[in-house]
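With the hints as constraints, model all of the structure from the sequences given.
The listed protein sequences derive, respectively, from chains A and B.
Counting from 1, position 275 in the first sequence corresponds to residue 1577 in my numbering; the numbering is continuous, with no gaps.
Counting from 1, position 135 in the second sequence corresponds to residue 1437 in my numbering; the numbering is continuous, with no gaps.
One should not assume that every hint holds.
Remember, identical chains collapse to one label, so a pair may be satisfied in a single copy or spanning two.
Calculated pairs, BS3-like style, for lysine-lysine (alpha carbon to alpha carbon, straight line, at most 27 Å) [said to hold, decoys possible]:
(1) K1476 with K1453
(2) K1372 with K1532
(3) K1372 with K1385
(4) K1329 with K1574
(5) K1532 with K1313
(6) K1442 with K1328
(7) K1442 with K1453
(8) K1475 with K1453
(9) K1372 with K1346
(10) K1475 with K1532
(11) K1496 with K1453
(12) K1315 with K1574
Note that these hints are calculated values from the structure, not bench results.
2 protein chains.
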Amino acid sequence: MTRQELIQQIKQKRSFLCVGLDTDPKKMPQCVFDLHDPIFEFNKAIIDATAPYCVAYKPNLAFYEAYGIKGMEAFVKTCEYIKENHPNHLIIADAKRGDIGNTSQMYARTFFEEYNIDALTVAPYMGEDSVTPFLQYEGKWVILLALTSNKGSHDFQLTEDAQGERLFEKVLKKSQEWGNTNNMMYVVGATQGKMFEDIRKLAPDHFLLVPGVGAQGGSLQEVCKYGMNKDCGLLVNSSRGIIYASNDDHFAEVAGNKARELQQEMDEELTKAGL
Amino acid sequence: MTRQELIQQIKQKRSFLCVGLDTDPKKMPQCVFDLHDPIFEFNKAIIDATAPYCVAYKPNLAFYEAYGIKGMEAFVKTCEYIKENHPNHLIIADAKRGDIGNTSQMYARTFFEEYNIDALTVAPYMGEDSVTPFLQYEGKWVILLALTSNKGSHDFQLTEDAQGERLFEKVLKKSQEWGNTNNMMYVVGATQGKMFEDIRKLAPDHFLLVPGVGAQGGSLQEVCKYGMNKDCGLLVNSSRGIIYASNDDHFAEVAGNKARELQQEMDEELTKAGL
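Dropping the structure here:
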């Protein structure tokens, strides 16, 4: 999916919501366990209920890998289901990969060829040759970790160099030598609040993938205030707050309602920004 | 596997070799393709030929994931084969995972429960809560990226803070608040040469996993000179230099010879160090 197609989807749907598919059998309602492939069936129901209100889905690989081969089968089926039934939705594999060049090439092949997903989260610690192999695919996206939503983000990401430049800022600057606004986004946690201003100084035009609204305590309004740009430039993710909003037979309907509530808030924010 | 058990294996075998199973069908000899599961059969032959000369195996997840479900089945079968037939070998999953706390918990479950491997490489960028979930398993190891073997390692890992401390040094120091010499090792690339002296100032007793000897150009002698400690403290990995040493029907025998050559060099280094 190109940048222009993504912007068009956001404007049509009045939403920049990404639904995080952190699918955990321990939190799924009892009713799906009667079906053949519970993880996939749960996702399918969530996807069909939320699709009108979001522009992206983000399966978190950890949750699928934790169930071994069966989990990975559910991941593959989920991606195929989205491609077939909701082809205008961006599929982001949240996998935080990154390794030496020849290994990153293999990961790129996995996600962009074998699974044919649209975007992949990548960790920057190993530098240029760990990231660039993912940038060789037309219409695919690298989403590089910049300033994450978790407490541990303070351990290294805020480290200042002798010139006062923080590590996440160095990642933002350096990585723009490798990719551009058409093939690279950044992960910035919703919990970082006003720090979005600093991010926008260095990456005014890039899309940002923003986890941490909801369960992790980030505020949508604050993210929009400091992070939105002239093309919106945001994909705000909610996982647990949507997919586990209810644990009974009506879980999908309730998830759809939660997604619609967020979509309505996003519509307001887009209007405020004149979009 | 405990630290004491690992040290004992090294002393018994006079080897601190880790064989990297970066298994790539494009580089495998023709003869294995007549068998039912070529990736697994290739690994099985390599493992049986090299087991007397090494103390660890390191399957690189990227190579298995690249072949989807079938690739992951081959990975699982490979780990099971090592556990059953060579139970004193450490199995390191080279996966470079790391995510927010609840997601890292899922990854830890995958590798340490579902696959029951002994050690996992982890990326430090997201800080404490991305690493500590992996440290909750008795007898299992986190191998944290410190100073990697690739060219891109210079992009961020060498960044100095205002006090002159480099990022990899901060990772070494900070992470010792989370783990200890019994559950944590560090990745340090063989290509880093004299930098091992700086690593040993901050982590004198930890084991180091050292990739980059062979195809990437690192020198075993230099690594030992600057990196070996009183317990050896090194696991030196070779992947391509061993497993693709020959591409004909005798590939396993040639791989075994290559592993034995390295073991003999390691024996000399251990003797030099009085071990």
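Hints and how they fare:
| no. | hint | result |
| --- | --- | --- |
| 1 | K1476 with K1453 | both (24 Å within a copy, 14 Å between copies) |
| 2 | K1372 with K1532 | neither (43 Å within a copy, 45 Å between copies) |
| 3 | K1372 with K1385 | both (20 Å within a copy, 22 Å between copies) |
| 4 | K1329 with K1574 | neither (36 Å within a copy, 56 Å between copies) |
| 5 | K1532 with K1313 | within (12 Å within a copy, 64 Å between copies) |
| 6 | K1442 with K1328 | between (33 Å within a copy, 24 Å between copies) |
| 7 | K1442 with K1453 | between (30 Å within a copy, 24 Å between copies) |
| 8 | K1475 with K1453 | both (23 Å within a copy, 18 Å between copies) |
| 9 | K1372 with K1346 | both (16 Å within a copy, 24 Å between copies) |
| 10 | K1475 with K1532 | within (21 Å within a copy, 42 Å between copies) |
| 11 | K1496 with K1453 | within (16 Å within a copy, 34 Å between copies) |
| 12 | K1315 with K1574 | within (16 Å within a copy, 69 Å between copies) |
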